[in-house]
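Undergrad: Listed here are the chains, written in short residue letters.
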Amino acid sequence: MTTPATSTATTEQITPPAVTAGDLVAGTSLWQDAWRRLRKNSMAVASGLFILLVGLACLVGPPLLAATYGYDAQTQDLAYGPQSPSWQHPFGTDFYGRDLLVRVLVGGRVSLSVGLLAALLAATIGTVYGAVASYAGGLVDTLMMRVVDILYALPYMFLVIILVTILGKSLLLLFLALGAVGWLLTARVVRGQVMSLKEQDFVLAARSLGTPGRDIVLRHLIPNTLGPVIVTFTLTVPAMILQEAFLSFLGLGVQPPQPSLGSLINDGANQMLVFWWTLVFPGGVMTLLLFALNFLGDGVRDALDPRMRT
Amino acid sequence: MTRYLLRRLVELVPTALVIIAASFALVRLAPGSPFSSEKEIPPEIRQQLEARYGFDRPLPEQFVRYVGNLLRGDLGLSTKYPQRTVNEIIAAGFPVTLSLAAVALVWSLLVGITAGIIGAVRQNTAWDHAAMTTALVGISVPSFVLGPLLVLVVSLRLHLLPPAGWGDWRHLILPGLTLGTIYAASIARLTRGGMLEVIRSDFIRTARAKGLSERLVIWRHMLRGGLLPVVSYLGPAIASMLTGSVVVEKIFNVPGIGPYFVDAAFNRDYFLVMGIVLLYAFFLLLLNLVVDVLYGLLDPRIDYS
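Sequence order for the protein chains is D and A.
To convert, note that position 218 of the first sequence is 218 in my numbering; the numbers rise steadily by one, no gaps.
To convert, note that position 174 of the second sequence is 174 in my numbering; the numbers rise steadily by one, no gaps.
What the hints contain is simulated information worked out from the structure, not anything from laboratory work.
Even glycine gets a Cβ: it sits at the ideal position worked out from N, Cα and C.
Incorrect hints may have been included.
[As the list claims (entries may be wrong)] To give a feel for the contact side, a few chain A residues facing chain D, derived at Cβ under 10 Å:
no., residue
1, SER23
2, LEU59
3, VAL64
4, TYR66
5, VAL67
6, LEU136
7, SER140
8, GLY147
9, VAL246
10, PRO255
11, VAL273
12, PHE283
[To be verified] Label-pair restraints from in silico Cβ distances:
no., chain 1, residue 1, chain 2, residue 2, range
13, A, ARG205, D, VAL60, 37 to 43 Å
14, A, GLY296, D, ALA46, 39 to 45 Å
15, A, GLU40, D, PRO63, 32 to 38 Å
16, A, LEU161, D, PRO256, 27 to 33 Å
17, D, GLY55, A, ASN124, 53 to 59 Å
18, D, LEU139, A, LEU216, 47 to 53 Å
The task is simple: from the sequences and hints, build the whole structure.
TA: Okay, structure coming up:
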């Protein structure tokens, strides 16, 4: 059995790069370690549970309320107009007699989905862009990063506003516009990571085996940058949610009668003197959601990169 | 240092050109036109209008002419406000936005650096936890929630400051606080992190060993290290204060440049959109240059030669 054993040993020595990359995604000790650290951070766990709870409430809340009470985000109770919070309407009703709880839940659905999708889009574009730039190196790298520098110099929110006015005010295009402008930070982070990774031995090994450049980027470099990318991603989600609300507050985002947390807060701010609940509930939910997302993001960063702990 | 500055200034030229070209392309290739409105304009009048603004010429020619005018400091005419030039609109609105951002900046630096120092010097005590939790809350409260709440409490219940409008210094305070709080929170975290980086380094030990008072160690040596990340954050922070003031200007009814921009983008007011975007972009470019120079002054290890 000695001769076959050595032969398997040599094949093993040749294959590791591919196996390592796959294992990293599936969860090796680095990820288990991070997961353990994250679970020990009780505030981060609480934040995570809170976000899950809000997400669940946004998903099942509106149909549930429609089934039990028979109203949705558009149903008006004009006989009573705006009502202060009660058992029947825990968040009160708005100026047109619509139940505010349902509207906040539907608005939260918009916020969470736009935030997640835009951050996901930004992370994907940024990762591929950064990895390709630094792997190619030389003139390509310089040119690609100059583009990033120039986009950085343009006022971000103004760019999004221009894109929204070009693309039109729909939910899908809103997240495309946010994602299309929000990938710059990820691109820089990934580029920095790949710069140091591509000089390491396992990349050299993969290259000497004749692995094509595309596979080296996709299977060896990008999986190894996942840590910082996830950290950037978790902190991008609240930023994107904030920007969607910002646009909706300005009347550029989700259009009425569709509610969004931003437009609900705008309505509430206009009526806050008389109907305080129309500002306090959407504003409170938005703030708590952002707080939890930021706390979770901090926790994920501490867990994945203990050196960055502040 | 002078040579470094000169080189950086020369490098700005191609970047500026690319920015002009990119924003020109983005604004002009967008569908729609400044003269499409609900009521149909007769073709003769439309032709007249287009001739007045030079829109009847081919795009490359318009671009060359635009850059030429730009070099002479002429930003062109507004189509939405036909009786005003873009220069006039910016001259009226930008100082207002700028003063708002200045108040926000001073507020965020004062509060942020103080909280950061407390957090770092009293690391892992109740003081530290309180300061950092407050900072996280500050990062999470959006300006469009904080602003109306401040108006509700400070103006309408306590009658301390005017709820909206523009005139004297009292109109600056609430919008400035609203705009600056989120940055104060970020600055607090950065200051604390930066100070903790240097707090155990050799030069701090040397400073203590030679008998400097704790106060001097903190203010002269630790803070210097703590401010490095803050300085590099200032560029993006001021940029986002300037654009973020769109919302604050709306809440407090402040006559800044923000509402003009949103309006202009919707009405395809080409020259006004371009003028404001370019103004901000050049402001940012210069700001980043200033930040880099400041960085060198704070960190003697950086060599510009």
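Undergrad: So which hints don't hold here, by number, going up?
TA: 2, 3, 4, 5, 10, 13, 15, 17
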